[in-house]
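Colleague: For reference, the chains in residue letters:
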Amino acid sequence: MDDDFAFSIQTGSAEPIYRQLIDHVRRRVASGQIKAGDEIPSVRDLAQRLAVHPMTISKAYSLLEAEGLLERRRGLSMRVAAQHQAAMPADARIALLRPVLARAAAEARQLQLPPHTILQLLQDILDEDDTR
Amino acid sequence: MNAHILATTTPTADLRGLQLAYTGGPSVLDGLDWQLLPGQVVGLLGRNGAGKTTLLETLLGLRTPQAGTVQLFGQPAAQLDDASRARIGYVPQHSDLFESFTPAQLLAYFQSFYPRWNSAKVEGLLSRWDIQRHQRIGKLSGGQQQRLSIIRALAHDPDLLVLDEPVASLDPAGRRDFLRELVEQVLERGTTVVFSTHILSDLERVAFHMAFLRGGRIALQAPLDELLDEVRLLSGPTAEVQALLQRLGARTLKRTPLAAGQERVLARLPAGTQLPAGTRAEVVTLEDLYMELT
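Sequence lines, in order, name chains A and C.
Going by the numbering used here, the first sequence opens with residue 89, and the numbers climb by one from there.
Going by the numbering used here, the second sequence opens with residue 13, and the numbers climb by one from there.
If you are wondering where the hints come from, they were derived from the structure by calculation, not from laboratory data.
Be a bit skeptical, because a hint or two may be false.
[What the hints assert, rightly or not] Computed cross-link-like contacts, SDA-like style, restricted to lysine to any residue with a CA-CA straight-line distance of at most 25 angstroms: (1) C:K133 to A:G100; (2) C:K133 to C:A120; (3) C:K266 to A:D111; (4) C:K133 to A:Q208; (5) C:K266 to A:G100; (6) C:K133 to A:D111; (7) A:K123 to A:D111; (8) C:K266 to C:L256; (9) C:K266 to C:Q47; (10) C:K151 to C:R128; (11) C:K266 to A:S101; (12) C:K133 to A:A102; (13) C:K133 to C:Q47; (14) C:K266 to A:E103; (15) C:K133 to A:T99; (16) C:K133 to A:S130; (17) C:K133 to A:E103; (18) C:K151 to C:R140; (19) C:K151 to C:D171; (20) C:K266 to A:A102; (21) C:K133 to A:K123; (22) C:K151 to C:E200; (23) C:K133 to A:R137.
The structure displayed is predicted, hence computed values, not measured ones.
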C-alpha cells in the first residue's frame, strides 16, 4: 500500500510542503495510480516517514478531503473517495499539468530562449526519465 | 469564556520586553517579546552574532536580562521550581559532557536528578544511534557526542525542548534520524520545541512556525506555510507599489530602494489575494525570507 503513494517532498521550494503533498495526491488520483477505496498513510506514518511536522500532513489531508479527493472514516485511515474509480480523461490531466508548464514558459521567455530550444529541452528531460 | 481560553493557553514560554547587553557592548536583545505556545515547534532564524544563543539562554533562565521578564510554564524562569525545571530539555550549542564518564555513567548520573526517566527510549536511541555505552565520552566522535547530548535532553520526556544548533556535527543521515525523533516527540507528547539551526531544510520539515531574530527582536513569527503562500517580493515604481500595497491591505516586511525611483518590497498579502495582472511579484522560499528578514 505504502509504495503506491511514494510521497516525496522538496525543501528549498517556494511551494509549501502541504501543497506539494496535495499536488502529489491529485496527480496520483488523476492518473489512476490510486483510486476509490485505496487507503492513504496515516498522518502519523507519513509524518514519521518524511520527518515532517504532523500538522503539515493533516493540513494537506483536510484540504484534500474538502476537495472531495479523500474521505475520512471514523477511527479508520482516510481513503480515496468513491467517485474516483479510474484515471481521469487526458484533458483533465493536461489541465493539472498546464500551470507548471505555463510557469516554465514564462521563465523561458524571461530568459529569451527560442521556442524550439525549450521544446527540445522538454523532450530531452522526458527521454532522461524514460531511461531511469 | 475568555478566562477559559486564557487558562488553557498559558504560553510554555513568555518573554516580555527583554533588554540585554554584554558589558560595554551594544544591545543583543532590545525590547524583545516572544511567546511559545504549548505544542508549537518554532524554528529560530538569525544571522551569526544576531543573539540566538543569548536569547535561548535567557529563555532558559541561564542569563539575567537587564530588563524584562521570562516566564516558563507560568513561573518566573529565574525562580523555577524543581518540578518545572524537570520539564525542560536543552541541547546547548557546545555540550560539555563529562569526558571521563562513559555514556552509561553520564545517563545514570542525570537520571538521579529527574523524577521521570524514559529508560526504554534511552536504550532504544543508544542502540539505534550506535553509541558505545561503555566507551569514554572523550573518545567518542563529535557526532556521537552530539547524539548523546540529544539523548540526554530527551530522556526525561520534556515538555519544552530547546535546541541550539543541535545537528551541526551530524551527517545528513544522522540529521534525518534526529528529525524523525523530534516528530515522534511532537506526536507522542505534544512537546513545545524551539530549534535554532542554519540548516534551513531541516527547519522546513519539522518547524511549523518560523521566528526571525533581527535587531534584538523577533521581527516576525508565523507558520511557514502561510508565509510561503502570502509573502511576495514586489518591485516597480515606488508610488505604484505603495499604492497597490495600501489598496490590498498588505503588511510591508522590508523595503529596498532601487535606482530611478523604483523599489522592491517584501510584503505579506492578505490570504487569498489575487494580484492585478502585470504586477511584478515573485514567490519566495525560506532562504529568501532568511536573507531578507535576518
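Colleague: Would you mind marking each hint as holding or not holding in the structure?
Modeller: Verification of the hints:
| no. | hint | verdict |
| --- | --- | --- |
| 1 | C:K133 to A:G100 | violated, 32 angstroms |
| 2 | C:K133 to C:A120 | holds, 14 angstroms |
| 3 | C:K266 to A:D111 | violated, 31 angstroms |
| 4 | C:K133 to A:Q208 | violated, 54 angstroms |
| 5 | C:K266 to A:G100 | holds, 21 angstroms |
| 6 | C:K133 to A:D111 | violated, 36 angstroms |
| 7 | A:K123 to A:D111 | holds, 15 angstroms |
| 8 | C:K266 to C:L256 | holds, 15 angstroms |
| 9 | C:K266 to C:Q47 | holds, 23 angstroms |
| 10 | C:K151 to C:R128 | violated, 29 angstroms |
| 11 | C:K266 to A:S101 | holds, 21 angstroms |
| 12 | C:K133 to A:A102 | violated, 36 angstroms |
| 13 | C:K133 to C:Q47 | violated, 29 angstroms |
| 14 | C:K266 to A:E103 | holds, 21 angstroms |
| 15 | C:K133 to A:T99 | violated, 29 angstroms |
| 16 | C:K133 to A:S130 | holds, 23 angstroms |
| 17 | C:K133 to A:E103 | violated, 35 angstroms |
| 18 | C:K151 to C:R140 | holds, 19 angstroms |
| 19 | C:K151 to C:D171 | violated, 31 angstroms |
| 20 | C:K266 to A:A102 | holds, 18 angstroms |
| 21 | C:K133 to A:K123 | violated, 39 angstroms |
| 22 | C:K151 to C:E200 | violated, 33 angstroms |
| 23 | C:K133 to A:R137 | holds, 19 angstroms |
Hint check: violations occur at hints 1, 3, 4, 6, 10, 12, 13, 15, 17, 19, 21 and 22; the rest are consistent with the structure.
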